[in-house]
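K.L.:
Sequence:
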Amino acid sequence: METNAVIALLRDLVHLDVDAIHAYDQAIKNIDVEPVRAELERFKGDHERHVTELTTAILDLGGTAPVIRRDLKGLFIEGMTALRAAMGTEQSLRAMQTNEKLTNKEYDKAAKMALPARVDELVRRNYDDERRHLEYIEDAIARRVWEQVRHA
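Read left to right, the sequence shown gives residues 343 to 494 (the numbering used here).
It is worth saying that the hints were derived from the structure and are not from the lab. Computed from a prediction, not measured in an experiment: that's the story for all the values here. Careful: at least some of the hints might be erroneous.
What the hints assert, rightly or not - Straight-line Cα separation of at most 20 angstroms, SDA-like style, residue types lysine to any residue; simulated pairs:
#, residue 1, residue 2
1, Lys443, Glu381
2, Lys371, Glu489
3, Lys443, Tyr469
4, Lys447, Asp471
5, Lys386, Arg474
6, Lys447, Arg473
7, Lys454, Ala350
8, Lys451, Gln433
9, Lys443, Glu489
10, Lys371, Gln433
11, Lys443, Glu477
12, Lys386, Leu476
13, Lys451, Val393
14, Lys386, Ala350
Claimed, not checked - Restraint ranges, calculated between C-beta atoms of paired labels, are given here:
#, residue 1, residue 2, range
15, Asp402, Arg485, 37 to 45 angstroms
16, Glu390, Lys454, 32 to 40 angstroms
17, Lys454, Asn346, 16 to 24 angstroms
18, Glu344, Asp374, 29 to 37 angstroms
19, Ile410, Ala347, 29 to 37 angstroms
20, Glu463, Arg486, 32 to 40 angstroms
21, Thr406, Ile483, 34 to 42 angstroms
22, Lys443, Arg466, 41 to 49 angstroms
23, Asn446, Arg379, 20 to 28 angstroms
Where a beta carbon is used, it is the ideal one built from N, C-alpha and C, also for glycine.
Could you put the whole structure together from the sequences, leaning on the hints where they help?
P.N.:
Next comes the structure, spelled out in structure tokens:
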């Protein structure tokens, strides 16, 4: 894959992770189950690390650091998350499930591309994080964690 195409891909992933950070901010504010809130805080930290590491990879390839600005898609994701999250833990988790499915889809596509070894390793490591995030969220929804706390 040509270097400029790799840089463009990494920039897209940076923006995806930035959108995820903002969505997590909205969801976390409305989670009233402490263990779930703590886990989502960790996931937000993973996305922050992704932004840092992807930006470093862009610079290592000779690109410039991406300008982080809110685009329409990011504002839509954050807004929809905020609306759903305002309804409590269950809807916060369901909103983040939707967001993590999108993130997983994009990282899956990136992981299937012919990338330089160091970039490939980074993308695959980030994709592993994304799969873990989605698995946790889907499990929390399946277990209806918001009800367990009410009945405790």
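K.L.:
I'd like to know which numbered hints this structure contradicts. Please list them from smallest to largest.
P.N.:
8, 9, 14, 16, 18, 19, 22
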